[in-house]
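A.B. asks: Since the structure of chain F is provided, determine the placement of chain P with the ligands on it from the hints.
Number of protein chains: 2
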Amino acid sequence: MRNTVMMRSNDNVAIAIHDLKKGDHATAEVCVNEAIPQAHKVALVDIPKNGVVRRYGVVLGYAKAAIKAGDWINETSLILPKSPELHDMPYNTNIDTDLPTPPRTTFMGYDNEGSDYAGTRNILGIQTTVQCVVGILKVAVKKMKQDLLPKYPNVDDIVIISHAYGCGVAIDAPEAKIPIRAVRNIMKNPNFGGQLMVVGLGCEKLTPERVMDEADINDDNFILLQDHHGFQNILKALYAMAEKKLAVLNQRQRVALPLSKLSVGMQCGGSDAFSGVTANPAAGYASDLLVSGGATVMFSEVTEVRDGVEFIAQRIPDKPNCDKLAQEMSWYDHYLAEGGVDRSANPTPGNKAGGLSTIVEKSMGSIAKSGAAPVSQVVSAGEIPTKHGLIFNATPASDFVCGTMQLASGMAMEVFMTGRGTPYNLEAAPVIKVCSRTDLKEFWQDLIDINAGTIATGDKTVEEVGTELFNFIIDVASGAKPVAEQLGLYNDICIFNPAPIT
Amino acid sequence: MRNTVMMRSNDNVAIAIHDLKKGDHATAEVCVNEAIPQAHKVALVDIPKNGVVRRYGVVLGYAKAAIKAGDWINETSLILPKSPELHDMPYNTNIDTDLPTPPRTTFMGYDNEGSDYAGTRNILGIQTTVQCVVGILKVAVKKMKQDLLPKYPNVDDIVIISHAYGCGVAIDAPEAKIPIRAVRNIMKNPNFGGQLMVVGLGCEKLTPERVMDEADINDDNFILLQDHHGFQNILKALYAMAEKKLAVLNQRQRVALPLSKLSVGMQCGGSDAFSGVTANPAAGYASDLLVSGGATVMFSEVTEVRDGVEFIAQRIPDKPNCDKLAQEMSWYDHYLAEGGVDRSANPTPGNKAGGLSTIVEKSMGSIAKSGAAPVSQVVSAGEIPTKHGLIFNATPASDFVCGTMQLASGMAMEVFMTGRGTPYNLEAAPVIKVCSRTDLKEFWQDLIDINAGTIATGDKTVEEVGTELFNFIIDVASGAKPVAEQLGLYNDICIFNPAPIT
Ligand SMILES: [Ca+2]
Ligand SMILES: [Ca+2]
Ligand SMILES: [Ca+2]
Ligand SMILES: [Ca+2]
Ligand SMILES: [Ca+2]
Chain F
1 MRNTVMMRSN DNVAIAIHDL KKGDHATAEV CVNEAIPQAH KVALVDIPKN GVVRRYGVVL
61 GYAKAAIKAG DWINETSLIL PKSPELHDMP YNTNIDTDLP TPPRTTFMGY DNEGSDYAGT
121 RNILGIQTTV QCVVGILKVA VKKMKQDLLP KYPNVDDIVI ISHAYGCGVA IDAPEAKIPI
181 RAVRNIMKNP NFGGQLMVVG LGCEKLTPER VMDEADINDD NFILLQDHHG FQNILKALYA
241 MAEKKLAVLN QRQRVALPLS KLSVGMQCGG SDAFSGVTAN PAAGYASDLL VSGGATVMFS
301 EVTEVRDGVE FIAQRIPDKP NCDKLAQEMS WYDHYLAEGG VDRSANPTPG NKAGGLSTIV
361 EKSMGSIAKS GAAPVSQVVS AGEIPTKHGL IFNATPASDF VCGTMQLASG MAMEVFMTGR
421 GTPYNLEAAP VIKVCSRTDL KEFWQDLIDI NAGTIATGDK TVEEVGTELF NFIIDVASGA
481 KPVAEQLGLY NDICIFNPAP IT
Chain P
1 MRNTVMMRSN DNVAIAIHDL KKGDHATAEV CVNEAIPQAH KVALVDIPKN GVVRRYGVVL
61 GYAKAAIKAG DWINETSLIL PKSPELHDMP YNTNIDTDLP TPPRTTFMGY DNEGSDYAGT
121 RNILGIQTTV QCVVGILKVA VKKMKQDLLP KYPNVDDIVI ISHAYGCGVA IDAPEAKIPI
181 RAVRNIMKNP NFGGQLMVVG LGCEKLTPER VMDEADINDD NFILLQDHHG FQNILKALYA
241 MAEKKLAVLN QRQRVALPLS KLSVGMQCGG SDAFSGVTAN PAAGYASDLL VSGGATVMFS
301 EVTEVRDGVE FIAQRIPDKP NCDKLAQEMS WYDHYLAEGG VDRSANPTPG NKAGGLSTIV
361 EKSMGSIAKS GAAPVSQVVS AGEIPTKHGL IFNATPASDF VCGTMQLASG MAMEVFMTGR
421 GTPYNLEAAP VIKVCSRTDL KEFWQDLIDI NAGTIATGDK TVEEVGTELF NFIIDVASGA
481 KPVAEQLGLY NDICIFNPAP IT
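Listed in order, the protein sequences are those of chains F and P. The opening residue of the first sequence carries number 1 in full-length UniProt numbering; numbering runs sequentially from there. The opening residue of the second sequence carries number 1 in full-length UniProt numbering; numbering runs sequentially from there.
In isolation and in its complexed conformation, chain F is listed as follows (with noise of 0.2 Å):
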């Protein structure tokens, strides 16, 4: 059985997947000099004084003392790498176009003609300007999965994009765009076929004017419930426009597509000390065979990649995006200054004791989710990019918001890893979990999708984690269902609004 694990091939620590003692073997040829407990790191070979500590690629620090191999390595052994100013990070310093050859290279998608992706569902998709018309939506929608979706038999659901937005909101205020961007972008989500119903009241603020084409503002897209006469009119008139949507979606037919139509997010929640060992580094192989095979994939939580930023910006070929990725964490930390949050308590004793000497390493248990590849374009929360590969999309940590902006910004399924557990799922795009540990796996056999904690007890690699985890995520893009969707889980949409309810 196998004692440590590591992240990157260049790295010259390991990590222990259980508590060692002195003596045991950390590789075939390094033995431990003294005890470790699990999850911390272990030197694989002799570093001198100052010599540079590398984990995930990176620089964590630099030996205060020299290291023998075996030595157990923690923040009192490091000196910290100054870290540099967000205006001044310097990027494509570290591109890797030394990817993964992806052992598929088509999934079964829905092609959406015109569009960069296809969908990995199909999905009616009911936006709605305001929370005002979500109660007789509802309703609506209970009957027509009852009534109508027998006839369609290709459609998939039919979902209600229910969100807090749209009215009693500063429309006008300066951060309001991001909310208005989220709504306008999830009805354009590849799993909804290109297929507008956009469902307002009639005297909200969110108009259509500003979530729609002008072109696209018309009575075969768009209904306003003051506009019909009685309750049984508005149900009349969402059936029949229903109906002439599902009729073309049932059109839809699954096809042998290329990765370059299809967008994956990539999230985690409920970390533990052993998500950013085995889960995020699992999750960040796939995300490299992915990219390597041409699709997009999107990572995110700014509050978790905070503190790495300067690797993220490493690993940027352009100087625009390099700066976009500097605005973002500046907008970020203004934003938290200002709520009175304070960034000071990290990384915290429990961090520590998990194996964590500093706030970077923290952050690159998160970042390592988005693997080795360059990051081809940075975006605004709920934005959609316009190249493909790997996306830095810069939404909050928040799961639910995380995935509602990810839902915007035109990912068609989300992979999502979890420490502690959580049922997350998403009703627009089928989500995978990927837990860190074996015993989260065992217990919750029928919430979690893959085991990543078999990396930890030595019986996979995170290359072989990472494959298995990229052919479920074909087979998920091509119409296999994750354990929560199978199961009916669904969890609401939370549009990020950062501006003022009034």
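Simulated from the structure, these hints should not be mistaken for lab results. Do not take every clue at face value.
To be verified - Here are some of the chain F residues that sit facing chain P, going by a computed Cβ distance under 7 Å:
1. Tyr62
2. Tyr152
3. Gly168
4. Pro174
5. Leu246
6. Ala247
7. Val248
8. Ser398
9. Asn425
10. Gln486
Just so it is clear, CB atoms sit at the ideal spot from N, CA and C, and this is done for glycine as well.
C.D. replies: Coordinates of chain P with the ligands only, in the frame set by chain F:
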């Protein structure tokens, strides 16, 4: 047919209920001296230069020149009174204790032992500490409604309080107290009968200690999904807890209770030029009947009352509550200014065309729903009042956020005035819809409960519609279903969270 309507008996202007031409009667004694547009003001008596112009019982301004009975009064006729600063508002200067006597003094409600307020419905409310649990909870509750509810026929419904708060939030930010208070207090709503059922995941920031009393945190009331072995065992645990609560709730019976056990929220949305002339004044009269009978009535919507706030202060008998009113207004001023909200465009040209000469007059149309009673207490958004009578509850005006925060403050039902029409309703408390115009009632016959438009057509007085509304409030409190409840239209819970998402 009547041509004008007065808002309050000591006003010296009336409102034209349709376009009047020169010579038309404003009252039996007064004919109009010039054409006066619908919804605009006509002088009922001669007013000398600098004399007071009074509507809603308050001073709108002073006559720029002598005004004759029958003259049109608009923004060009008035010298505006200087509004006092927030720190300097006179209080206790307009205490009206001569309230109308309610025609009924009891309702048939669900008494809550040891609590000030009774339920108007008998509901198992399931509180969540984080959105993560909602997917499983929706599946569980759908099955519970089929399997369990029929066994407990005295229980009306099972309702999930699904919200976006709980994790991915700045839990220690100063303003986090607002959403945390909302989560804590919603579960105490009188419609839930004191039966606590709280569902968490296990790794969220919103721990049970933050939202439950220590004595309540035990296996009888609180479930963590991460403690249960897989989906089926989670379902079993949820079922077991729900069934115990349902058995207790099923013992509840409607009994005759004094109005002091009733808590009613007042709100408006989608207002038009007649909202402040018909629906809101009628609601104000109903409010006075309720308060006079000992009930608690909450009005809210800070942004709508802001410009007339000194007229609320005048109705507060004591300095501490006047100070609290000033604090709340000041907090919102700061909150909106930080978010870049521009308050300067008030009243709009459309407001003036609609007969609203000043920002004060516009606010008074909203404040009108609070009647004339003294304000016994001012509470923050989501805070539970400790006094009965008329309460100002400082929430945003957003219909869903206001309704959610009023639920947290303990309202057992809501009265909602609308000009343009909305199907708004809540799952946790019934909502009565009152419209401002007869044509809306005719157009949305099955979506509106009470038509206050008969005040504008001259068929009924404010007092008559107010009494009709009061009687319907008592009926609904006693179990009668408003139209939206009959149709099963339910909007989402939208907690007010001014703190950052992380
Ligand atoms: Ca992500
Ligand atoms: Ca995370
Ligand atoms: Ca997350
Ligand atoms: Ca209002
Ligand atoms: Ca409102």
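A.B. asks: Against this structure, judge whether each hint is valid.
C.D. replies: Here is how each hint holds up against the structure:
no.	hint	in the structure
1	Tyr62	31 Å, violated
2	Tyr152	23 Å, violated
3	Gly168	2 Å, holds
4	Pro174	5 Å, holds
5	Leu246	23 Å, violated
6	Ala247	27 Å, violated
7	Val248	28 Å, violated
8	Ser398	2 Å, holds
9	Asn425	6 Å, holds
10	Gln486	10 Å, violated
In this structure, the earlier hints numbered 1, 2, 5, 6, 7, 10 are contradicted, and the remaining ones agree with it.
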